[in-house]
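Count the sequence shown with this note's numbering and you get residues 16 to 170, in order.
Read the hints as simulated data drawn from the structure, not as lab findings. Do not rely on the hints blindly, as some may be mistaken.
Said to hold, decoys possible - List of simulated lysine to any residue pairs, SDA-like, C-alpha gap at most 20 angstroms:
hint	residue 1	residue 2
1	Lys80	Pro135
2	Lys104	Asn122
3	Lys104	Pro135
4	Lys46	Glu141
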Amino acid sequence: MTSLAVVRVRGDVGLHPDVRKTFDLLRLRKKHACVVVNFENAKSMLNAVKDFTTFGEIDKETLVKLLRTRGRMAGNKPITEEFLKDKTKYNFDELAEAILDGKISLNQIPGFKPFFRLQPPAGGFEREGIKRGYGQGGVLGYRSKAINKLLEKMI
Numbered sequence: 016m017t018s019l020a021v022v023r024v025r026g027d028v029g030l031h032p033d034v035r036k037t038f039d040l041l042r043l044r045k046k047h048a049c050v051v052v053n054f055e056n057a058k059s060m061l062n063a064v065k066d067f068t069t070f071g072e073i074d075k076e077t078l079v080k081l082l083r084t085r086g087r088m089a090g091n092k093p094i095t096e097e098f099l100k101d102k103t104k105y106n107f108d109e110l111a112e113a114i115l116d117g118k119i120s121l122n123q124i125p126g127f128k129p130f131f132r133l134q135p136p137a138g139g140f141e142r143e144g145i146k147r148g149y150g151q152g153g154v155l156g157y158r159s160k161a162i163n164k165l166l167e168k169m170i
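Input sequences plus hints: build the corresponding full structure.
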């Protein structure tokens, strides 16, 4: 199973209603929001929003850091080890491993917000900005393992 981190980098103005609905289904409602999805389940949705997001394979270390620092439960409270043990019987490392293996989804954890709100990247995005693809020196589209470097700048 391939788990991808998807980060929204462009806003809402001028979006086609179908793209807006896809963002809503992915829970990417604001800029700099991030979700972790299974590639097989979200392939067509990623294709629809590729011109407004960047995505790639997330590694375990980055996912653990994302869960610890940016994970929130209902009421916008930070995630704690006790909360995870109570709801999932996992700690942060085990939860990250289970998500990457496809055994559990963040949607399945009661009281857990299945998205992460991130800061704009320290030092900014790539040189060509948010209107060009990653292959052209910009931000948009598929970026493979380089998503981990971007997430480190945004956490």
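Tested hints:
no. : hint             : result
1   : Lys80 to Pro135  : 17 angstroms, holds
2   : Lys104 to Asn122 : 16 angstroms, holds
3   : Lys104 to Pro135 : 33 angstroms, violated
4   : Lys46 to Glu141  : 16 angstroms, holds
The earlier numbered hint that this structure contradicts is number 3, and it is the only one.
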